[in-house]
Amino acid sequence: MLTPGEILQDRYRIVSLLGQGGMGAVYRAWDMRLSVPVALKEMRPQPGLSSQVLDQLRQQFRQEATVLARLIHPHLVRVTDFFEEDGNAYLVMDFVEGENLAEIINQQDTLSEEKVLAWGGQLLNALAYCHNQGIIHRDVKPQNVVIRPDGRAVLVDFGLVKLWDPNDPRTRTAMRGMGTPEYAPPEQYEADVGHTDPCSDIYSVGATLYHALVGHAPPTATLRMAAPERFVPVRDINPQVSQSTEQVVLKALKLPRSERWQNAAEMASALGIEGVSKPKRAESVGQSAPPHERTRVLPGARPQPAAEVSRRRVPVWIWLLGVGALFAILMCAGSMWGFGKLAQYGESVQTATAEVQATGAAQATAIAQANATATADSNATATAESIQATRAAQAQASATPRPAQATATAQAEATASALAACLHRSLLAPSDWEVIVCDPFDDDDNDWSLGEYEGERVVGYRQLVDGKLLWDAEALSSVIWWTIPDLVETDDFYLTTEARRVTGAENAQLGVIFRRADADHYGLFKIQDSSQHFKFSTRHEGEWHTVMDWAKTSAIRPGEWNRLTVLGEGERFTFYINDQYVGEVDESRLSEGSVGISVELLEEGDTVILEFDNFELRAP
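Counting from 1, position 488 in the sequence shown corresponds to residue 488 in our numbering; the numbering is continuous, with no gaps.
Keep in mind the hints are simulated off the structure, nothing from the lab.
The hints are all genuine.
Each computed DMTMM-like pair below joins lysine to aspartate or glutamate, with the alpha-carbon atoms no more than 25 angstroms apart:
id, residue 1, residue 2
1, K254, D236
2, K278, E584
3, K535, E489
Fair warning: this is a prediction, and the values are worked out from it, not measured in the lab.
Modelling step: build the complete structure from the supplied sequences, incorporating the hints.
What follows is the structure in structure tokens.
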């Protein structure tokens, strides 16, 4: 056990113990580098594990911690770091000040319907965000919901996880269900380690709301199946709850998955709660469909047009299937996760399973990479060839002397070649959307307002140098300076560009602007590369609105080229940095407008030199 004052990684000083179990503990700690409190979750391996099992667990820990660190949502605890020390694994999370919902219920017995619905909507919003990335929480319960002093609900996990040996029968039963019995649906107790999907989290939310409305948890799913009369409807205990709310909660608590709300947005809408993200893929997840029909291992596993696969860009439900299902679904917000889901077979079968899975995984990876490369290459090549053919035909039709025709054709071919090099070969781009522009900055055909500039708040110049847009800026006061090319305005769009801070103020912020109607209406996605932070804000009627506050990501490469990508579809905005997903939000204040690039300097006298390259815009 760690003691107060002990320091890990030369960074985290232990303050106090928050909770402990046989295989781990959770501590309040102090991040000495950032001067903020954190929650430090320690996971100690079960004694006697083989080196092979330990290696598997360590690899799983690193993979899943990396996924969790990318989750950024106002109602989810944020994972900020992970590491291993002295044979133990550690997960670092924001320390959320407040009181957990279970304690509030214990103090007040039943809670007002208004409060419960408000918090329920926030939980559903967080889960919809997770589900849209193929991540299932599997342990939603009042103890894992912290109510902050400002009244906001945050889904956390300070629970303890046992690193278990699949060959040790003492650990199988305890870990099989995953979750807390009163809040876990029946599928989490199935003998095959449990098939779960978004409907499983819906059940847990229903159980949590039930507890808050009536003052105690519902009976376990197994008890309900054995003695249905033990389950008492909400209004029979608390008649002050409206009939409509009761019906929503009871449907969420249906034992068959197919009879529950099928996603978080559906349940939220039934509660009269707006703004919860709808699922990216409309797909029934009821029990009538066998598990293998929900399996998505490769983008091309189920035949469909390549354009549809690319445009949907839906993260697959994360099932890694093999003989015995070595790992199942990742879970959200620090709930660690696959360690309790190693296949329950004997050593000889397990060895064979590992070999089969290793071979299959290698083949799957190779196929996926080949498919991704082929699709991206074919998209870029097809677009370039189409433009090349069109421009060549136009040049030929308008040319009279044969030498002029040859020159025009050569120019068209050169332009198409440059376009092919400019287009970013990524499956993030909707392949059936039109390429409005892909500017490699070889010329100023798109009118980037080059030359010197002198204003009240900034001076500088922009010029094209060696196929890059070079931007030199000096602040006369705090300023955001943008340049908007002469392009069509769009509503739905895909925007991506490369940017680099060459030299100058380390706190300079570079970014992209989109749906800019005028100087007081636009969206701004920006990064501060030196600190590896990003932010999304909107300017609306002259006022700034922070939609996604500063958050850190290792996807940003300080002092190097960084690719910023924004996908806008209706009110949904999805953000990527260097092709890594960093977040998504719904924002209704932006309708349509132009796109561009920006630099922000914070203090008078700050200077910076930036470079931009390969500015690409697509639209339906």
